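Chains as they are written, first to last, in the working numbering: chain A, 54 to 309; chain B, 59 to 405.
For the record, the hints were derived by calculation from the structure and aren't laboratory data. Among the hints, a few may not be true.
Some chain A residues near chain B, calculated using beta-carbon distances under 8 Å [to be verified]:
#: 1; residue: L209
#: 2; residue: G217
#: 3; residue: A245
#: 4; residue: D249
Just so it is clear, the structure is predicted and the values come from calculations on it, not from any experiment. We put the beta carbon where it would ideally sit given N, CA and C, even for glycine.
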Amino acid sequence: MRFLGLTYLGAILAFLYLPIAIMMLMAFNQSPLYELPFTFDLVWFKALAGNERLLTAGWNSVWIALVSSAIATSIGTLAALGLARNEFTGKRFLQLMLFPPITIPWLIIGTAMLIFFFWTGVGRGLHAILLGHVALSLPYVIVVVGARLATHGPELEEAATSLGARPAQAFFRVTVPLLAPGIVAAGMFAFAVSFDQFIISYFLAAPGTSTLPVEIFTAIRKGFTPEINAISSIVIIISMSLVLVVSRFYRFGGER
Amino acid sequence: MTTISVTSVSKSYGAFRALDDVSIEFRDGEFFGLLGPSGSGKTTLLRAIAGFVTPDRGRIAFDGEEVDRTPVHKRRIGMVFQSYALFPHLSVARNLAFGLEVRGDPKVETGRRIEEYLALVRLSGLGGRKPRELSGGQQQRVALARALITGPRVLLLDEPLGALDRKLRQEMQVELRDIQRRTGITTIFVTHDQEEALTLSDRIAIINEGRIVQVGSPQEVYERPVSVFAAQFLGDANLFSGKAITGGLVLADGTMIRVSGQCAGLAVVRPEKVRIGRSAGAELNTLKGVVMQSVYSGASVVYRVAVPVLGETPSLAFVQNSSGELHAPGSEVTLAWDAAHTMAVAP
């Protein structure tokens, strides 16, 4: 029984990680055609260092993800607070309207944004991508922070004000520390939504400037080079270490 | 310290009138119990005094100074919430420090006061714990110390003992009362537990449907209820209704019930005032009935007695078990009680 369980677990892990592991391994293989025997070489990383297009795209992806997740997390947290702590007409409707953007296919949202940005004069380019990513990740942030807010009622803020705290003091001394795990999780979500985003970035990118997923897609269409394996490996290592660091501060699936 | 006066305060939520023209005065240093069923408006009244609820009409004043436009954080109140509302991310000591820190007290002074108030609630040495590491009773005491440490003008308690089990509850009642006496702070507490209200309060207000039904000392309110609701909400009561005559009322079958006070056709008697026997003595009010049920608990016995003229509801008699004899279900008995204990009430 125990053997069966371990086999099952191993199968799942292999299913999840084998393709990634092979890709990372091939980033260090000398042959561009996945030839064996495996010969360790950093040739593809060296090639990557000289590939301006991929590097620029990578940098674009990082700063767009950082800026858009920062904006979405701030706005989204305030929106979640507003929704949780106030009663107003149309509140239910607003809360309901948070979900369609999550379920509508990105292709459709991307088309809509492209048309809208064209029509309003926002146009295409990194600024448009940034705007699109903020809009995309906002519902995720509101839902994640809102779930965290729902775990405690308004009593804690009330207790703070009863003890003489001004509303701003109650917010920064009580609400923010309590929400911190939710805010961090929401920020990671928003970062991932932006960093992973292909379709919308592809639609909104101006010719010549784009994000990493778009650039990788274009590069593959032109002919695959193991430089892609190299940059993908770097991205994987960075994102996995980020998850590990964050999980030290916040245990997923609830507090404590 | 502080007298709190509430004058003609009303508050509605949509069509629901939570408070309906409530006027009441809480005297300096008294322990005041607001007692009522859920939805009666007692918590709304407490929250209006705290400033969390803005009344639609009326005035609230602390020592004659109107606080209607004063926000909660400037009212200088201490409040203990039903859930305690301890800050889970702060240690016990930091919970206590919170109120002193936000107003900018010097650190040394804060540290000294924290020790003093931890000692007051018998939690010295536990300042470093997180709230979740404490028992329910200890959390309750932290909440109390946190509310008192800032030296508030009034202490507001919202069902403070509601979450504790019975034994702990009784211990905390004694402790709460003791701390209140030592600090001398005007205290208003909300409860739906009649026994708790009687035990703790200097005075009680019974609230129902947003209105104050009766205000008085526990003894006054228990012994002299003004209405059927007051009589039945605070303790048990046997109710008689009939035609009013001089000195009492006449039941449907012609039996006269002598009543103390001016009677309009309704009267009550407390079950512990009723004696039970096979024959009537020289008592003034008697009724015949049949024992339906007896609940024996050693020192005392509770009888439910069917009295035909009083209809469906059985009459209750709480009797000391002095003879050692029980009246078995089905036996015919006579209920007897003093006219002086028969109180006229309003509907």
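**OP:** So, A:D249 near chain B? Judge it on the closest CB pair being under 8 Å.
**Re:** Hint violated; A:D249 Cβ to chain B Cβ min 32 Å, cut 8 Å.
Original post:
Against chain B, with CB atoms and a cut of 8 Å, does the hint on A:L209 hold up?
Top reply: 5 Å, holds
Subject >> Cut-off 8 Å, beta-carbon criterion: hint that A:A245 touches chain B >> reply: 26 Å, violated
Subject >> Minimum beta-carbon distance criterion (8 Å), A:G217 to chain B >> reply: 5 Å, holds
The structure fails hints 3 and 4 (numbered hints given earlier, in ascending order).
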